[in-house]
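J.: Just so you know, the protein sequences line up as chains A and B, in that order.
When you line the first sequence up against the working numbering, it's residues 1 to 872, in that order.
When you line the second sequence up against the working numbering, it's residues 1 to 872, in that order.
Bear in mind the hints are in silico, worked out from the structure with no lab data behind them.
Careful, some of the hints might be misleading.
Said to hold, decoys possible - Mimicking DMTMM-like on lysine to aspartate or glutamate, the simulated pairs with C-alpha atoms at most 25 Å apart in a straight line are:
no., chain 1, residue 1, chain 2, residue 2
1, B, Lys471, A, Asp646
2, A, Lys471, B, Glu207
3, B, Lys471, A, Glu570
4, B, Lys471, A, Asp647
5, A, Lys472, B, Asp646
As the list claims (entries may be wrong) - Which residues of chain A face chain B? A partial, calculated answer using Cβ under 10 Å:
no., residue
6, Leu107
7, Glu414
8, Ser702
9, Pro740
10, Thr767
11, Thr795
12, Asp797
13, Val801
Built from N, CA and C at the ideal position, the CB exists for glycine as well.
Number of protein chains: 2
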Amino acid sequence: MLRCDMDDAAPLPAAAGLTPLQDSCTVTRVGARAHRLGRLVAAGLPVPAGLVLPFDTVAEIAEGGPVPDLGDRLGPFLAVRGSAGEKAWGGPQSVLNIGLSDETLPLLASRIGERGALEAYLRAIRSYGVRVAGLDPEEFENLYYDQMKLAHKLETSDLVEIVAASKALFEDQIEHPFPQSREAQLEGILRALASEWNAASARILREARGAPPDAGLALIVQDMVFGLGDRHSGAGSFQAVDSATGVASATGRFLPDAQGADAGRGVRTPHMITEVERLAVGQTRPSLEALEPEAYRKLTAASAKLTAALGDAFEVHFTVEAGELYVLDAEPVRRSTRASVQVAVDLAKAGVISRERAVLRIDPKALIETLHPQVDPNARRDIFGTGLPASPGAATGTICFSPEVAMTLHAQGESAILVRVETSPEDIRGMHSAAAVLTVRGGMTSHAAVIARGLGLPCVVGASDLSLNLKKGELRAKDGRVFRQGDQVTIDGTSGEAMTGAPAMLPAVPTDAFDTLMDWADEIRTLGVRANADTPADAAVARRFKVDGIGLCRTEHMFFEGDRINVMREMILAEDTAGRISALERLLPMQRADFSDLFRTMQGLPVTIRLLDPPLHEFLPHSSSEIADLAEAMDLPVSTIIARADDLREFNPMLGKRGVRLGITMPEIYDMQARAIFEAAHDAAAAAKAPVVPEIMIPLVSANREVELVKARVDKVAASVAAERGEVIEYRIGVMVETPRGALRAGDLAKHSGFLSFGTNDLTQMTYGLSRDDAGRFMRDYVNLGVFPEDPFHTLDIEGVGELLLIAARRARAENPNLTLGLCGEHGGDPSSIRFCKVAGFDYVSCSSFRVPIARLAAAQATILSREDGGE
Amino acid sequence: MLRCDMDDAAPLPAAAGLTPLQDSCTVTRVGARAHRLGRLVAAGLPVPAGLVLPFDTVAEIAEGGPVPDLGDRLGPFLAVRGSAGEKAWGGPQSVLNIGLSDETLPLLASRIGERGALEAYLRAIRSYGVRVAGLDPEEFENLYYDQMKLAHKLETSDLVEIVAASKALFEDQIEHPFPQSREAQLEGILRALASEWNAASARILREARGAPPDAGLALIVQDMVFGLGDRHSGAGSFQAVDSATGVASATGRFLPDAQGADAGRGVRTPHMITEVERLAVGQTRPSLEALEPEAYRKLTAASAKLTAALGDAFEVHFTVEAGELYVLDAEPVRRSTRASVQVAVDLAKAGVISRERAVLRIDPKALIETLHPQVDPNARRDIFGTGLPASPGAATGTICFSPEVAMTLHAQGESAILVRVETSPEDIRGMHSAAAVLTVRGGMTSHAAVIARGLGLPCVVGASDLSLNLKKGELRAKDGRVFRQGDQVTIDGTSGEAMTGAPAMLPAVPTDAFDTLMDWADEIRTLGVRANADTPADAAVARRFKVDGIGLCRTEHMFFEGDRINVMREMILAEDTAGRISALERLLPMQRADFSDLFRTMQGLPVTIRLLDPPLHEFLPHSSSEIADLAEAMDLPVSTIIARADDLREFNPMLGKRGVRLGITMPEIYDMQARAIFEAAHDAAAAAKAPVVPEIMIPLVSANREVELVKARVDKVAASVAAERGEVIEYRIGVMVETPRGALRAGDLAKHSGFLSFGTNDLTQMTYGLSRDDAGRFMRDYVNLGVFPEDPFHTLDIEGVGELLLIAARRARAENPNLTLGLCGEHGGDPSSIRFCKVAGFDYVSCSSFRVPIARLAAAQATILSREDGGE
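Take these sequences, add in the hints, and give me the full structure.
T.: If you want it as structure tokens, here you go:
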């Protein structure tokens, strides 16, 4: 059941037909606006009195049911506002000034002056004519502008004439006069709004917006307060914090002699609210603070009261009638992620909300925009194109011209820069996979710009000095330089520039509020967050993001650096075990040095090192010059190199001879890696005078005997290194669970393992029978058709892969209660997947370094939610 | 616990130390021979009295424990025979003639004559000397042959001298005289045999034979009966059925004046047992039937009694002493599979055993040797090599020179002919995958010949007119013709010939007994057996094997025939949907014709048709001439063809855009197939005037929405064909469950499905993360190292894949109790996997046609065993 507010007020019962605003508690009966107004009333804000027709009442009216009798409740003048379940589902425009008639006109005139009252009467006839009787709004506008042409400023008498003309127009078209009773007007309006809601076109629209077609609408009937009138009246909005930064900063607009949406219509320039702001922008019009000090005082008090009562910063929509303040609505201030963090931290520090609440307030995924690095201002920029700085941050990567290629590159662990003329919804999935986006056309609100900001993705749009020829696969700069798929470029979404190569980057600098929030998250969370880091450089980045350790070091990435790849190739193409061992002996010191650096960087935090995983052919040379080099290095004919490389080719490399299968069939490789790990651990422990406990992870296990065989050899290497060094060190051997069989047999695997870490990338591939590299061909169709609700490589598939994780965790823990359980697929950086890991009882998740803050926050949220669900 | 015999005698208790033979019931305590002898005693056969020292007693003796006291049980002359748990684990040679001494010699002489007694004494001294005292057997032989040189035929006095010389030799070497008491001799022999069993070398030998190193040995002490002696005595063996055919045919050998293994030693030519056999072989020596009619009568009676009591045909080992018959042992007749079937059916027809028992007697896998086709005698044979006909049957396939290639070809569904110089144990896995084997060297008992017969695989060995150059990859015939990997040849293991190409074949002709057994199996089994058949020709073969239907028709195989492949390629490479649809329209009549034939052939039996499954690039041309042809046919440049083909290439085709993913993203393909199926079903039903109910199977499903989308379109096609034909036909839509996720979500999938069929080939690949095409690289190592107990692609992995099947079956049945569940991977032809399917509650298995009899028999056995386990 939905709660009455975000914090902890208890729900109130609501009567049928008409519910007083202050009792309108259940969003699912009365919609969001009525619910919100109820909370404002409860907080003691000066909200005009009102009654709510809940969803079911409106639905009955739409089907011809009776309109509830207002009786003598509320005053003579009314407004009707819609209240739908969710703002995004739409709702009718408000209808104001109900109850105006020839008879009540003098009453209103005595209250707000004759001009104001006439203006209100005009608006009443027009809106009833258009909304209820279906008249053309233009005909009413014409009456108005006909008079405007005659007189630059309308006199009261002009208004009287327009009122008469409007009534005549109405009677002429409808064949009965404009209704003169409050009740008749109200009934007409309520019926019209109910029917409008129930119309086929509205239903289709709701469906198009993702709402149920029969999503409900409530209607709020409220006493009118009038911002119209010559003096001391008007309408405006106000908020106490800055939308961009979230720091305290009173800001707003006020339009005298205006009501409802007038202030936003831009016919007249609004006044500032505060003197400070007026002076800051150099406006001569007086601020509300100067115009109406009392109303201003009440406004700031109302804002503060609201924040204290509801625990958030609100944008207050208000009307001033004859110097008196009325609050018409208040919505949480729209804000950037940075501002969200600032507001939440400030509120928690002020004791308005708890730290847990502050932590829950922030969408972890939104943090990504605060985490992007920027190009170092001192770096040389070789700019080949400029456009609009559509989404901040900078990224370096490989050019690609289609979303499919972006997805493939991403799947292969490469950073893709998606270059398009413009983007369209079909590109969204590719944008998800890209590191940055560059478009030749489009503005700040183009599709690419909007989506990129949503994704926190660096983006430059409208780089019109570039021309893109997709047929030729060429991006041509003004100076004639041509870029093709595979070229490395850097996009600076903060400056709007596209550069060649990879200029130096500076990491994102977090705000103090961000650091505070993350500290709170760390205090709260009971789920560890580690980073996937393959090299000492990666590890340094990970430390900056305050990880609890390294959850996945993919040792193969170390082999691609510098001239190591040639030694690696010699190892792979060796004719026999002796040749392989000789190459491995040369690789040993390189691996050992890497591991030493890694252990030193991580200063005693856990480091999980995965033994060699990819199929060996991934390391082989492709170009003929590389092959020739290798042939010379190995003193073998080129044809032999090619033949041996051909021998290694596989039909389905993902399902081939890789992972532990290499370790079993060529045990000398893992022997070398184990030796490098143990020697490095000895070295690092000696240097730091503190123990280093390496965690060695065996990949692609599908049978327990694989673990037994590898473990026996690793233990033997450990023993011999210990004998050589004269000291025994502690270490843990664990299993990377990434085959469905590994998950099902987790009970067996747990017997001899110190930890199990779920590699959900591969596990997802195998559970679905779906290669991530090839899924790009149809994943878009699949998600569009709803075959998969989400791309299972982005968000963990709870029903399939998730069940395997739960089975595995249960069996593993039953066998070995002290076992550490982790997850090290890309899902480790996805908040909903992290929530699942918490529920499943995992000890940690491991994700890429730049996603660590997201994971830390999501882990804290998962801990709070689990506790609230009674899960902890 | 092991039962006392194959049928149903209850186990008897056995006392410690010494157990009377007739009580020696528990194989696990007294070994196989003692157990067998106990049953012979129980059946009333004339077995010499005896006592058994069980495993634990012998083990204690080996450790220096006491030898049980025989007291006055048994007679003065004894034999000791070993009794191990399994014959294959080995055991000591028997020690006979115990109790002979200077004192007892006259007693034996009075019983069997002086010459026989002296010969027995000689043997006693020699065997005690060699077995207990460790003397060199040659020295005893020399004594014997020294005398032989002097006299062509040894006189009694010569024997007396040799006895004296032997005793002197013994005393000379051992420094004490040959022991003269029965007890001393027996204790020495029992201790020697126990120690021998316990020796390190024996333990290693047992381990090498696959036995536990401490597998037990029991020792049987029995009264001696003497086949030695001039007249009316001897030793022999007899059986009442023919080993090759199993038909009743009394046969055997008898050697007068002989004991133990003398008859098999070949020193003298043995006599036949029956007059019929003597006449048949034209022997002049009288048969036992003529020599000792009374002993012969008792022998045939004993054989018949044994068969009646134990329900099998036995080879009886006997001794005749002074005209009296003694049975020393009886083992089930060694026999061919054909003979096994004949014997079992005859026994059941005679009421000796039940039909269930007859069905259980036959190893389903062994049936394969009776099922192999032969080259049609009328076909033209282009023979390029001849060798020995090592294993019967003939097969056509593709030449390959390594076991790895054989496994790969097999995995790709191709028939491989493995050609080797000789085979060795490393080739066994490749032989499993081959359709036939050809070796250049080796004889009828070479490795290749023995293994091939065991596998029922056509095999020619020692084809020395061929020469194999592995480096060049060439097989060269005497006439200069050269064959390379990929060439098609036929091996006739019945004639010993290797032929080019594919001469016409005749199917194996089953015996009446075979047909009877299969009829019984069909009456018993409750598990359906269908065939995997892709073409009308396949379906015709399947019908001959009496299938219950077709469980898997892989429609893609139809596209490779004739000129269809070009239309298929045009469809695949079409630029747009319109082009694809135009090609599909031309494919429609071809598919329809195939399906019509299929339905006609199957005459109303269920036919499950799988919609297109493989990735489209599998259909593309590879050679440049094929590409050029296609370019011309499509009126496109070759470069375009190559570019589009490249576009379709995948990293991991197994996990790519295939199966239902094709159906979702290019729905027009499945539309065409559905139309072809429905139109064919209408045609076939009209022709047969009987309903045809096609079953349409959706491959590679991982999410229920895939089923919904395809089902909706198939239903629509069905409706429109029904409208066109003016008649509605019944059909079923089901899912091929072959991804782990499909198995986990089987409950969902069952909602809209008429059946689920488990494709365990792919399911095994995905559960293990192991491609069958690539596993050949290390599967041998993996099975040798015990990482996998069996190749999971041959025998269903119960622990992993099996658990997924059980989960899926349970969830599917819970959701939809009327659902049909089947299995259509290669495991459908594997007996232990079939047993699992029965336990899991499946309705049918589907396997290749030639394995259908195996599956029918295995299904019947599974039904019987489930019933006995209370499972049914």
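J.: Now tell me if each hint is right for this structure.
T.: Do the hints match the structure? See the list:
1. Lys471/B <-> Asp646/A: holds, 16 Å
2. Lys471/A <-> Glu207/B: Violated. Lys471/A to Glu207/B sits at ~69 Å, over the 25 Å cutoff.
3. Lys471/B <-> Glu570/A: holds, 23 Å
4. Lys471/B <-> Asp647/A: Given that 25 Å is the threshold and the Cα spacing comes to 15 Å, the pair holds.
5. Lys472/A <-> Asp646/B: holds, 17 Å
6. Leu107: violated, 62 Å
7. Glu414: At 14 Å from the nearest chain B Cβ, Glu414/A fails the 10 Å test, so the hint is violated.
8. Ser702: At about 5 Å, which falls below the 10 Å cut-off, the nearest Cβ of chain B leaves the hint on Ser702/A intact, so it holds.
9. Pro740: holds, 4 Å
10. Thr767: holds, 5 Å
11. Thr795: violated, 14 Å
12. Asp797: holds, 7 Å
13. Val801: With a minimum Cβ separation of about 8 Å from chain B (threshold 10 Å), the hint on Val801/A holds.
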